[in-house]
Amino acid sequence: MLSTYCHENLLSLIGYCNEGHEMVLVYDYMLRGSLTDHLFKMDRISLSLTWERRIDIATGATRGLDFLHTSRNRVIHRDIKSSNILLDENWARRRVVNMRLPEEQHGLVAWAKQCIKEGEINKLIDQNLMGSISSTCLKAFIGISAKCFYGHPQEWLAMYKVVKTPELALLSQKNEGEGIISFDEHTN
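Anchor point for the sequence shown: position 53 equals 53 in the working numbering, and the numbering is continuous, going up by one each time.
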């Protein structure tokens, strides 16, 4: 079933091996590795992800999820994390279609909810992020993120509704109109 999904923001399964005790899935090679590789690099200054690039990656991830949620053979991803978002040479994001349940606890989501509730959004921003952030862009991004995990799962937004917000937030950032915030203001 996984090999039937074809979308620009999904990594296509091109083969597999299931012999003896070996089970291997084969995907296209993604030159830049996973999003995790870039978020937690030791040499962060040389290859730091800009705010615009991060929003672009998030936009691609939401498009891929929307495709999975609305396809004929609907799939709910259940293990969305930065290590499952792979980046090609152009920083194009591709999500690995992984059907297993998450192994990690929901500590990050609980922490993010608490930061938003207490108005401490600055704690959610990567301390190593360089450059400026449009306040409109940041508010839109935090707002849609909160709507994705507040309340009961039945109340969460459908992915097709989520897709538009990162796209609009990215436009706001690129237009660099009023409300640009130097990242240094956020880290203090």
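Bear in mind the hints are in silico, worked out from the structure with no lab data behind them.
Please read these numbers as outputs of a predicted model, since none were measured by experiment.
Misleading hints may appear alongside valid ones.
Stated by the list, open to error - Here are the simulated lysine to aspartate or glutamate pairs, EDC-like style, with alpha carbons at most 20 Å apart: (1) K81 to E118; (2) K81 to D126; (3) K117 to E89; (4) K41 to E52; (5) K164 to E8; (6) K174 to D66; (7) K41 to E89; (8) K113 to E155; (9) K139 to D56; (10) K117 to D56; (11) K41 to D88; (12) K81 to E22; (13) K113 to D126; (14) K164 to D66; (15) K41 to D126; (16) K164 to D126; (17) K123 to E155; (18) K113 to E89; (19) K41 to E22; (20) K164 to D37; (21) K147 to D66.
As the list claims (entries may be wrong) - Here are the in silico distance ranges between beta carbons for each label pair: (22) I121 to V24: 37 to 45 Å; (23) I121 to W91: 37 to 45 Å; (24) T36 to A146: 20 to 28 Å; (25) I121 to G151: 14 to 22 Å; (26) P153 to S82: 34 to 42 Å; (27) R53 to A146: 31 to 39 Å; (28) E120 to K164: 34 to 42 Å; (29) R53 to N122: 17 to 25 Å; (30) L39 to E19: 17 to 25 Å; (31) V24 to K117: 39 to 47 Å; (32) G20 to K117: 29 to 37 Å; (33) E19 to W111: 20 to 28 Å.
Ideal placement from N, C-alpha and C gives every residue a C-beta, glycine not left out.
These are the hints, each one checked on the structure:
no. : hint                     : verdict
1   : K81 to E118              : violated (24 Å)
2   : K81 to D126              : holds (16 Å)
3   : K117 to E89              : violated (38 Å)
4   : K41 to E52               : holds (19 Å)
5   : K164 to E8               : holds (17 Å)
6   : K174 to D66              : violated (24 Å)
7   : K41 to E89               : holds (17 Å)
8   : K113 to E155             : holds (16 Å)
9   : K139 to D56              : holds (16 Å)
10  : K117 to D56              : violated (26 Å)
11  : K41 to D88               : holds (17 Å)
12  : K81 to E22               : violated (25 Å)
13  : K113 to D126             : holds (16 Å)
14  : K164 to D66              : holds (11 Å)
15  : K41 to D126              : holds (12 Å)
16  : K164 to D126             : violated (23 Å)
17  : K123 to E155             : violated (26 Å)
18  : K113 to E89              : violated (34 Å)
19  : K41 to E22               : violated (31 Å)
20  : K164 to D37              : violated (27 Å)
21  : K147 to D66              : holds (16 Å)
22  : I121 to V24: 37 to 45 Å  : holds (42 Å)
23  : I121 to W91: 37 to 45 Å  : violated (25 Å)
24  : T36 to A146: 20 to 28 Å  : holds (23 Å)
25  : I121 to G151: 14 to 22 Å : holds (19 Å)
26  : P153 to S82: 34 to 42 Å  : violated (21 Å)
27  : R53 to A146: 31 to 39 Å  : violated (22 Å)
28  : E120 to K164: 34 to 42 Å : violated (27 Å)
29  : R53 to N122: 17 to 25 Å  : holds (20 Å)
30  : L39 to E19: 17 to 25 Å   : violated (35 Å)
31  : V24 to K117: 39 to 47 Å  : holds (43 Å)
32  : G20 to K117: 29 to 37 Å  : violated (51 Å)
33  : E19 to W111: 20 to 28 Å  : violated (42 Å)
The earlier numbered hints that this structure contradicts are 1, 3, 6, 10, 12, 16, 17, 18, 19, 20, 23, 26, 27, 28, 30, 32, 33.
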